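Chemist: All chains should be modelled from the sequences, with the hints used to inform the complete structure.
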Amino acid sequence: MKYYDKLIFELSKEGRIGYSLRKNGWTASTDSIPAGLRRPVPAALPQVSEVDVVRHYTNLSQMNFGVDTGFYPLGSCTMKYNPKINEEIAGMKGFQSLHPLQPASTVQGALQVYYEMDKSLAELTGMAHFTFNPCAGAHGELTGLMIMRQYHLLRGDLKRTKVIVPDSAHGTNPASAAVCGLDVVVVKSNADGLVDVEDLKPLLGDDVAGIMMTNPNTLGLFEKEILEIAELVHGCGGLLYYDGANMNPLLGVARPGDMGFDILHLNLHKSFSTPHGGGGPGSGPVGVCEKLVPYLPVPRVVKTSAGSFAVIGRAGAGKSNAAKNAEGCSESAGEVSGFLGNFLVILRAYAYILMIGKQNVKLLGKLASLNANYVKEILKDSYKLPIPSVCKHEFVFDGLIDDGASKASDGKGATTLDVAKRLLDYGFHAPTIYFPLLFHQALMIEPTETESKETLDDFIDVMKKIAVEAAETPDLLKTAPHNTPISRPDEVRAARHTILKYQDEETNPN
Amino acid sequence: MANFAYFPHTDEDIRQMLERIGVSSLDDLYSDVPETVKHNGDYDLPDAMSEDEVREYFEKLDKKDEKLKVFVGQGAYDHYAPSVVPYITSRSEFLTAYTPYQAEISQGTLRYIFEYQSMICALTGMDVSNASMYDGPTAAAEAVKMAPACTKHKTRVLISETLLPNVIKVIETYAKYHGIELGYIPVMDGHTSPHHMRAELSKGDVAGVVVPSVNRYGIIEDLTGFAEAIHEEGGIFIEYCDPSALAVLRTPGEWGADIAVGDGQSLGIPLSFGGPYVGFMACKNGYVRKMPGRIVGETVDSEGRRCFCLTLQAREQHIRREKATSNICSNESLMALYVTVYLSIMGPQGMKEVNDQSYAASHYLHDELLKTGKFEEVFTQPFLKEFVLKPLIPVEKLQMKLLDGGFFAGLETEEGYVTFCATERRTKAEIDELVKLVKEA
Amino acid sequence: MSKTIEGLRYSEDHEWVKVEGGTALIGITDFAQSSLGDITYADLPEAGDEVEAGEEFGALESVKASSELLSPVSGKVTEVNADLENAPEKINEDPYGTWIIKVELSDPSQVESLMDAAAYEEFTNK
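Chains as they are written, first to last, in my numbering: chain B, -2 to 507; chain D, 16 to 456; chain H, 236 to 361.
Honestly, the hints are just simulated from the structure, not real lab data.
Small disclaimer: the values here were computed from a predicted structure and weren't measured.
Hints are not guaranteed to be accurate.
As the list claims (entries may be wrong) - The list that follows gives simulated cross-link-like pairs (lysine-lysine, DSS-like), each with its CA atoms no further than 30 angstroms apart:
1. K167/D / K156/B
2. K90/B / K75/D
3. K191/D / K156/B
4. K299/H / K381/B
5. K198/B / K75/D
6. K311/H / K169/D
7. K316/B / K169/D
8. K361/H / K311/H
9. K78/D / K81/B
10. K81/B / K338/D
11. K450/B / K53/D
12. K90/B / K79/D
13. K381/B / K361/H
14. K116/B / K79/D
15. K443/D / K20/B
16. K191/D / K316/B
17. K75/D / K355/B
18. K337/H / K169/D
19. K253/H / K167/D
20. K159/B / K191/D
21. K321/B / K299/D
Said to hold, decoys possible - Heads up, incomplete: computed chain D residues facing chain B, CB under 10 angstroms, no partners named:
22. E68
23. P97
24. T153
25. S208
26. H211
27. F288
28. Q364
29. L407
As the list claims (entries may be wrong) - Beyond 10 angstroms from chain D on every Cβ pair, some chain B residues (computed):
30. D65
31. P80
32. E84
33. G153
34. G178
35. D193
36. E195
37. L201
38. K288
39. S302
40. S334
A virtual CB, placed ideally from N, CA and C, is assigned to each residue, including glycine.
Modeler: Below is the structure:
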């Protein structure tokens, strides 16, 4: 990777163009729109040629690290390999050309994808039906909680406003609950890193809407008391929400629906191999048990008695179709996104499921857990392992065993941040750091099942080497990375003196 | 044992790794999972397919979909995307990366997001843009949630009934569960009624007002006096826009809006049956700390070189948890790259041409349809590329005739009007053919 | 070791109070600024706002954290430190010399219930 310091605006030259549009020979133009409704000056967009654009973005891409570049053990993010056949399918011109409001009779193929994905995910998770409308995991969480609230509201059970969230939960859990109008109550983890059932019991009552759980949790540990927890929460009239961010290790092994979960979201960009795209688009389908199906968001894809596929609950359905469109939707939690979710992401995930099939799924989760335990067992001699049990797909260290404090120029030892930065020098992406919040120096590693023993061995060697460097020459870590396109950015300066868009220095000396 | 392209483990690998862990089988890694919840049997899934079979499977599905000439908009527009857009966005360095947590090896993502933010500001005339959101309707809902935070806890938000139906519906869902009271501003002559807005504002406690720039009838709204009326009552002005149209229309900044939101699909993103698209949100400087979503900022590295990083993160959910104003923890990054590359290729001149051609094509279509005698005009206000007419023949008959001819056009609205839209992709020959079919209907 | 200053009063939320006549100057302690790290932004009330003892009156942000400011006393905000808008780092540089808001005390006895320097030192050492 090499440093490249241009912004597309800096390549701009007045009068240069990079586009080519069909000349239709029209004479009318937007100049006929009343002047008061038009912008007086054109937007300050770059004026560049096609080759400028291609070289610029190719250069930018070369300062980026992706799963295709190297090992990406980012805990809780399941950075597994993104198969290329998925991209080919999502790139098919036919699928890309469909308008979201086309009549159902003209999109039977697309609707069949939704129908079959629903069946596949229901089978893999033990739920009844899914909505695909949420565009990301956090969006799925919010949608799931809306379904939870709708269930209680329509039963007239209005005082259920509390949602219980473990202290090890992803930050999105409490944030989603608050956005959904629920009050968050935290349940503590016990010494084994699991939900403390004794701490949970006094929190339960007729004001509890439900509990949100991640299982395996963010420490990579299976919540083995789950059946008792389910009984307790259901016993007080609450529902169980499953945060599917960590579903990968359970694929082919166990199903949240069989554990008593009523609602869950999945991250198709995690367990189902769709690319993360630098932070999106993802897809966060939400599955529910049978009794919650009426509350699923609209629009929805359904199979008609005639065997074809239809969409119900579309916003703004035409006058002559309004009654039919609304049929079966009266209890729905509502619309959560513009149309039917991120279709091309769903297509990719379905291609993956077809490749996995009933044969390969049986090994999927197990190999993810095998990889994580292998790395953990070897590295625990160099890094503090606060909870020694067998993990699932990921595990958490609490910093270095020897941080080299006595050898550091400022007397402070190397931190988890420093380890993460040093890893970049060796060509690996860093693990998730400082999460979960239970440990001060958390370093969360998730290798996924798509990495070979050789890749893991290389990573282990580097992690050991970094531990030795930390103990002997901690300053080397504290100034890392040294071999990347840039060194550590000054984040304090970025936040204090915010520059959030390009300003032409000649016209805007600022 | 493992014999599958995406699992690199040989039998010997598995044996050695289990031995190193100190367990005797893969099942031993799950000894803490209660037997009663294990799924030991087969899953009812299709048999695993080869790549070739998967391709064939989807080709068959794709054949069941009809490829139509699209003459409908309603929030999803068939604009032309230059071939550079899919080419660049499919580069795996962009595609297979995640959120740029490690700035040192994510300068590619961070730089294009910074460029994206700059371009959104240029189009909207606003001060600051976030790094993008899920889609237009959810961006609007997030802006509605922002309004009370920007106005010291006022609780009501007014929305115009000229907004797209799915935008209204998504706002309603978010408002219902978040606890925001909505008021509605009715339509007058195809336009948000300023008179009714003032009446609603005078009832007090209004945190914000959401009005479209180009509305669901395709009409360009004249928002003269809106900002003043809203600000006088202490509320914020949220404008919902089609960003492609903003290349020629008066900007939210010029109308005095505080927040601009909308869907970036019209900027180089294929229709794709509704997603993935990208929502944008931009605001005035004073509201940046209430704005949800990621933001990229410029800074320097330890050697003084210009670089970029995520900034103002203290607003976000992973820090504020239940106190955050939004639960959003990512953006729609790759789709923001579509927008950035598209706008780089098109430039100001290309964007003008896109709008001019869309304007010309849709106005030609509008006039020719009226000449058929099968429609009546509903509104006479200026429109850009989309319009509604009142059909004088049964809608179903009209739609079937057009569908049979390979056209998706004349989508019916709640009021029983039919909508049409023509972008720069629609040729005069296509329009003439469509009009001929209408005459026969 | 973080510093304390004799003559100031301290809250359990790590704010200090200095009384001048009927007005209280409020800032955050050295302990608070050092645990928060480089302060990048101060979200502050406006003069004329009412504050309640124990209630939030603003927040301080660092790169990776956001910390609420809880008022140790009740009363009306008479002045807000305008320097902090562009230079929040002053709190890091001189926490006891940088007041954040001035409050006209509605109940001066509230100050008496706050800790003195010795008690606060003991409190932070726990």
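Chemist: For every hint, state whether the structure bears it out.
Modeler: Hints, one by one, checked against the model:
Restraint check for K167/D and K156/B: the C-alpha separation of about 27 angstroms stays at or below 30 angstroms, so the hint holds. For the proposed pair K90/B and K75/D, the alpha carbon gap of about 14 angstroms is at most 30 angstroms, so the pair holds. For the proposed pair K191/D and K156/B, the alpha carbon gap of about 16 angstroms is at most 30 angstroms, so the pair holds. Between K299/H and K381/B, the direct Cα distance comes to roughly 24 angstroms. Compliance with the 30 angstroms bound is thereby established for this hinted pair.
A hinted pair counts as satisfied when its Cα atoms are at most 30 angstroms apart, and K198/B with K75/D does not qualify at roughly 54 angstroms. Using a Cα cut-off of 30 angstroms, the hinted pair K311/H and K169/D holds, with the two alpha carbons roughly 22 angstroms apart. Between K316/B and K169/D the alpha-carbon distance is near 36 angstroms, which puts this suggested pair outside the 30 angstroms criterion. Note on K361/H and K311/H: the hinted pairing is violated, with a Cα-Cα distance of about 33 angstroms set against a maximum of 30 angstroms.
With a C-alpha separation of about 22 angstroms, the suggested pair K78/D and K81/B falls inside the 30 angstroms cut-off, and the hint holds. The hinted pair formed by K81/B and K338/D fails the criterion: a straight-line CA distance of about 40 angstroms is larger than 30 angstroms. Distance check on the hinted pair: K450/B and K53/D sit about 27 angstroms apart at the alpha-carbon level, within 30 angstroms; holds. Pair hint K90/B plus K79/D holds up; C-alpha atoms about 14 angstroms apart against a cutoff of 30 angstroms.
With a C-alpha separation of about 25 angstroms, the suggested pairing of K381/B with K361/H holds against the 30 angstroms cut-off. Between K116/B and K79/D, the direct Cα distance comes to roughly 20 angstroms. Compliance with the 30 angstroms bound is thereby established for this hinted pair. Straight-line distance between C-alpha atoms of K443/D and K20/B comes to about 11 angstroms, which keeps the hinted pair within the 30 angstroms bound. With a C-alpha separation of about 25 angstroms, the suggested pair K191/D and K316/B falls inside the 30 angstroms cut-off, and the hint holds.
Straight-line distance between C-alpha atoms of K75/D and K355/B comes to about 21 angstroms, which keeps the hinted pair within the 30 angstroms bound. Between K337/H and K169/D the CA atoms are separated by roughly 26 angstroms; this keeps the pair inside 30 angstroms, and the hint holds. A hinted pair counts as satisfied when its Cα atoms are at most 30 angstroms apart, and K253/H with K167/D qualifies at roughly 29 angstroms. A threshold of 30 angstroms between alpha carbons decides the hint, and for K159/B with K191/D the separation of about 17 angstroms falls inside it, so the pair holds.
Restraint check: the Cα-Cα separation between K321/B and K299/D comes to about 43 angstroms, which exceeds 30 angstroms; the hinted pair is violated. At a threshold of 10 angstroms, the smallest CB-CB gap from E68/D to chain B is about 8 angstroms, leaving the interface hint in force. Residue-level restraint check for P97/D holds (minimum Cβ-Cβ distance to chain B is 6 angstroms; threshold 10 angstroms). Because the beta carbon of T153/D sits about 6 angstroms from the nearest beta carbon in chain B, less than 10 angstroms, this interface hint is met.
Of the supplied interface hints, the one on S208/D is violated, with its beta-carbon coming no nearer than about 18 angstroms to a beta-carbon of chain B, more than 10 angstroms. The criterion of a C-beta within 10 angstroms of any C-beta in chain B is not met by H211/D, whose closest approach is roughly 21 angstroms, and the hint is violated. The restraint placing F288/D at the interface with chain B holds, with a minimum CB-CB distance near 4 angstroms, inside the 10 angstroms limit. With a least beta-carbon distance of about 6 angstroms to chain B, the hint placing Q364/D at the interface is held under the 10 angstroms criterion.
Among the interface hints, the one on L407/D is violated; its C-beta lies about 15 angstroms from the nearest C-beta in chain B, farther than the 10 angstroms criterion. The claim that D65/B is not at the interface with chain D is violated, since a C-beta of that chain comes within 10 angstroms of its own (minimum 4 angstroms). The claim that P80/B lies off the interface is violated: its Cβ sits roughly 6 angstroms from the closest Cβ of chain D, which falls inside the 10 angstroms cut-off. Interface exclusion of E84/B from chain D breaks down, the closest Cβ pair being 7 angstroms apart, not more than 10 angstroms.
Listed as a non-interface residue, G153/B keeps its Cβ farther than 10 angstroms from every Cβ of chain D; the least gap is roughly 16 angstroms. At roughly 5 angstroms from the closest C-beta of chain D, the C-beta of G178/B falls inside 10 angstroms, breaking its exclusion from the interface. For D193/B, the requirement that its beta carbon stay farther than 10 angstroms from each beta carbon of chain D is met, with the minimum near 16 angstroms. For E195/B, the requirement that its beta carbon stay farther than 10 angstroms from each beta carbon of chain D is met, with the minimum near 19 angstroms.
At the 10 angstroms boundary, the C-beta of L201/B stays outside the reach of chain D, the nearest C-beta of that chain being 19 angstroms off. Every CB of chain D is more than 10 angstroms from the CB of K288/B (nearest about 20 angstroms), matching its label as outside the interface. Taking the minimum C-beta to C-beta distance to chain D, about 19 angstroms, the non-interface status of S302/B holds against the 10 angstroms cut. A beta-carbon of chain D comes within 10 angstroms of the beta-carbon of S334/B; the shortest separation is about 6 angstroms.
Violated hints, in rising order: 5, 7, 8, 10, 21, 25, 26, 29, 30, 31, 32, 34, 40; the structure is consistent with all others.
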